[in-house]
Each structure stands twice: as structure tokens, then as C-alpha cells.
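First to last, the sequence lines map onto chains A and B.
Read in order, the letters of the first sequence correspond to residues 53 to 308 in this note's numbering.
Read in order, the letters of the second sequence correspond to residues 97 to 352 in this note's numbering.
There could be a bad hint or two in this list.
[What the hints assert, rightly or not] What the simulated footprint calls covered on chain B by chain A, stretch by stretch (three residues with Cβ under 8 Å from a Cβ of chain A suffice, anywhere in the stretch; the number is not a length):
1) 281-293
2) 299-309
3) 327-336
4) 340-347
The hints are simulated quantities; they were obtained by calculation from the structure and are not laboratory data.
This one's a predicted model, so the numbers in the text were calculated from it and none came from an experiment.
Note that beta-carbon positions come from the ideal geometry of N, C-alpha and C, so glycine has one too.
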Amino acid sequence: MIANTSPILSVEGLAKTFTLHLHGGKVLPVLADVSFAVMPGECVVLGGPSGAGKSSVLKMVYGNYAIADGSVIVRDGERATDVASATSAEVLGLRRHVMGYVSQFLRVIPRVGAFDIVAAAARDAGAAKDEAEARAADLLARLNLPERLWTLPPATFSGGEQQRVNIARGFAGHHPLMILDEPTASLDTANANAVVALIEERKAAGAAFIGIFHDEDVRARVADRIIDIRAFAAAAEGTLSEGTSSEGTSSEGLAA
Amino acid sequence: MTALLKAENLAKRYGARIGCTDVSFELEAGEVLAIVGESGSGKTTLLNLLSGRLAADAGVVSYRMRDGALRDLASLSEAERRFLARTDWGFVHQDAREALRMSVSAGGNIGERLMAVGNRHYGSIRDTALDWLQRVEIDPARIDDKPTQFSGGMRQRLQIARNLVTHPRLVFMDEPTGGLDVSVQARLLDLIRSLVADLGLAVILVTHDLAVARLLSHRVLVMKDGRVVETGLTDRVLDDPQAPYTQLLVSSVLAA
Numbered sequence: 053m054i055a056n057t058s059p060i061l062s063v064e065g066l067a068k069t070f071t072l073h074l075h076g077g078k079v080l081p082v083l084a085d086v087s088f089a090v091m092p093g094e095c096v097v098l099g100g101p102s103g104a105g106k107s108s109v110l111k112m113v114y115g116n117y118a119i120a121d122g123s124v125i126v127r128d129g130e131r132a133t134d135v136a137s138a139t140s141a142e143v144l145g146l147r148r149h150v151m152g153y154v155s156q157f158l159r160v161i162p163r164v165g166a167f168d169i170v171a172a173a174a175r176d177a178g179a180a181k182d183e184a185e186a187r188a189a190d191l192l193a194r195l196n197l198p199e200r201l202w203t204l205p206p207a208t209f210s211g212g213e214q215q216r217v218n219i220a221r222g223f224a225g226h227h228p229l230m231i232l233d234e235p236t237a238s239l240d241t242a243n244a245n246a247v248v249a250l251i252e253e254r255k256a257a258g259a260a261f262i263g264i265f266h267d268e269d270v271r272a273r274v275a276d277r278i279i280d281i282r283a284f285a286a287a288a289e290g291t292l293s294e295g296t297s298s299e300g301t302s303s304e305g306l307a308a
Numbered sequence: 097m098t099a100l101l102k103a104e105n106l107a108k109r110y111g112a113r114i115g116c117t118d119v120s121f122e123l124e125a126g127e128v129l130a131i132v133g134e135s136g137s138g139k140t141t142l143l144n145l146l147s148g149r150l151a152a153d154a155g156v157v158s159y160r161m162r163d164g165a166l167r168d169l170a171s172l173s174e175a176e177r178r179f180l181a182r183t184d185w186g187f188v189h190q191d192a193r194e195a196l197r198m199s200v201s202a203g204g205n206i207g208e209r210l211m212a213v214g215n216r217h218y219g220s221i222r223d224t225a226l227d228w229l230q231r232v233e234i235d236p237a238r239i240d241d242k243p244t245q246f247s248g249g250m251r252q253r254l255q256i257a258r259n260l261v262t263h264p265r266l267v268f269m270d271e272p273t274g275g276l277d278v279s280v281q282a283r284l285l286d287l288i289r290s291l292v293a294d295l296g297l298a299v300i301l302v303t304h305d306l307a308v309a310r311l312l313s314h315r316v317l318v319m320k321d322g323r324v325v326e327t328g329l330t331d332r333v334l335d336d337p338q339a340p341y342t343q344l345l346v347s348s349v350l351a352a
């Protein structure tokens, strides 16, 4: 039984640099030497001001951002995969079975209804049809999405309603490692509470969480540990300090 | 994983001009690969090399036959290649008129591919055609109408039915939604997306539309001047492009 005594996620020496080829090849070093580990059943929250690179860390872990240096080891049972050197197919496999991700915005698929979006996420993660539909109904109900909206595509929903569909979709796969990028940002207190309850339940079942929460109350309730990302700020180098930023590009837009 | 299709150092010249050069990649079963780039970047040349419609000047395309053997396409006889093209492969053209027989009924267009693989029973061919019309959302009552009486979107859906009726494992698509109205595009994209997932198809898709690549593909190849300038997981390439040309391509789009 190594299951609960070794980290499900180990980040070592992770670095992120943006090279802006359209702006004279300007190099924006954002993060250097980010190292931490997340254990099953633990919720680690990334802290620090916006623009510090919190989202960049989550996106690198998920394989959505390129990794400039270092490793992201994700454990799938007995097997460990380094996202930094994994093939596209391996990353997609991890996303199916290990890593779930809730972004701040729902990327809408034309014509597909809310219920089907959530059920499809469960099926992608390996749930049978009945089980997937049961999970979708349970999650949408818990997140207070009115049942009359379930068959409708979320394109016309309000921001908060879309975000609840997004959260339901992210939680439907029952992934052992959940990555949350401000999931409660556009939610009222009742719905934020529903999300906290979901996180606590999954933690108790052994799921690990890494996330960003700006709401201090939510953060205090879910976090086992807070890592201040400013500790990993990269030293400014390259052409960044040469004062050529007249076009107004800032690292905040990219890294936030 | 064993590759379904493998390209090694493919090259094609048109006189002094490079069609494409130095292209190597592997495609797995069930994987959707998008080839993106502007017109003249060599993406259609590459698609035609991969599908055996154009002979390469250099390099090898191999395909895993149903018996499990990986065969060099150039080593197949003309009869073997034709058989492959009408059974195990599909080819969806931008202009359905290139693929459909415009003077033959919708049912006949679907049935023709079945007859080409030896199906001779009129009743069962018609039943299968009716079933496929429904799957591509064409009213089965239109089975005896000719494609000349269909709208652009319907023709495209008929072309897809004609391709998929023989249960191919690999489908080539050249700008499948090009030239259609936006609302028609959305419906067609959603249909393609669900059919590809349900049938576990591998797809090589050429598109200049990054939103289409994002919606349909797992992985992208970005081409410029006949060369692959960047490749990777679709959302990684679109959200954190590394090559100067990919950054230009992504930043030139209003919303992808």
C-alpha cells in the first residue's frame, strides 16, 4: 500500500518563461525552481498576488502550458509520469484518469446541453452510461442549477450558471488529482458552500487538490497548506529590463 | 502504443518550390490530428501525400493494415490501395461535389460504398443508408433525392455518411466546414465531434481555422512554408504557442 504515503503530484525545479516573438523576442521569466508535493487527501492552495504565476503553475501541471525547466511527476497507481517529457497521448491519458481541471471559464461546445456536457466528462473518465448520468444529475442538483436548464446548451446561461456547469464537469470524472483555478470566483455564498462541501467530501475519499482561491473564507476552509508563489519569482533577465515595453505588454496578462 | 499511420521524412517539390519537406510523425488509432497553417503552407500537399493521392519525392508513409502489419503505402498494388481507400479510409473534401455523385440519389451515394466492398443485398443496403441518413441528421424521407437538391450543409453531412458507412479506421478531412455559414458549421462540427468519439475514428484534419482544430483535435501540427514549425497537444499549442509563427497565427485570431 503505497497509495496514501507517497505524493500524487511532485513538482521539482519547475520554471516558466514566456518568449514574446512578436515583441522583439522579449523574454519574460515568471517562475523559477518551483518545488512542492501534494499528498492524497490534501488540499494545497497557491497564494500570492495576481500576476505572480499561480495559474501558470496549474497550467503546467495540466500540460496546458509548456514547461521551460523542471519536472511535474504525476502518479497513476504504481506508475509515475513526468508531464514535462510525456507524449501528447500520455498527457491525455492522465487527464482522462488522474487529473481533473476546473478553469475560470466554461469553453462552450455548440449545441450540447449542460447535462450532457457533465455526463460526457464522467464517461470520458471511464464511468458507464448510467453511472455518468447519475453523477451529472447529482452534481447539477447540488450546485443548484435549475432543472429546466439541464437540457439547454450553456451558451446563453449567466456567468454563475456557466461556472457551476464548469465545476460539475470538472468533478464528474472523480479524478484523484483535482486542479482548481478560482472555481468559486463568480459564485454566491450558497453555491460557494456547495463547492466547499464537494471538495471536503472528495478529500475525505482520498482525492488531492491543488488550487487558487481568492475568496479568503473559502480558502481558509479548504486549504491544508498555502504556498506563496512569490517565493519562486524568477529574477528579471533577458531583454525585460531594457525598457522596450512601449507596446504595453506586461507579464500579468500572460501569467495571471 | 503502436502507430496506425507513420510518416517519415516526407518531402514534395513543385519544381523549385517546396510543397512540404522533412515531415515525420506518428498517428495512433483513435487520435485526431489537425494540420494547421495558412494557405500555401503545405498542409493540403501533406494530406494528399499521407492519403496516397499524391506521390512523395522522398520519405515513407506506412499504414497498419487490419491484419496488424505495418505496410509502406508505396509498396501496395494499385488494387490494394483502392481497396484501402474505399474501406478502411475515408476522405471528406471541402467541396462535397468532389466526393458525391451528384446525379445519383442520397441513398445511392451511401449504398455505392457498401457495394464496392461486396454488399449486394438491396434491402439491407437501403436499410443501412436510411440508418446513416438519420445518424447525420438528414430526413430519411429524402433518401431518393439527389444531392443537387440539398443545401451545402446537407451535402457535407451526406458526404460524411458515405465515408463512414464502411466503418473506416482513418478519415482524412480537408477543411470539412470551409465555405459553410457559421450556424451550419457549428452543427456540422458537433456532428463530426460526436461521430469521431463514438466510432473511435482516427482523423487527420486540415484546417486554417484554429477554433475547428481546438474543438476536434487532440494534437496539432503547425505548418509554414512546407515545414512543421510546432507540434503538440492542441490546447498547449493554442494557449502557449512557442514558435514565432504559431504566436503570430494565434494572435491573429479574434477568438479561438
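Verification of the hints:
1. 281-293: Holds, because 5 residues of the stretch 281-293 of chain B bring their Cβ atoms closer than 8 Å to Cβ atoms of chain A.
2. 299-309: violated (count 0)
3. 327-336: holds (count 6)
4. 340-347: holds (count 4)
Hint compliance for this structure: hint 2 is the single one not met.
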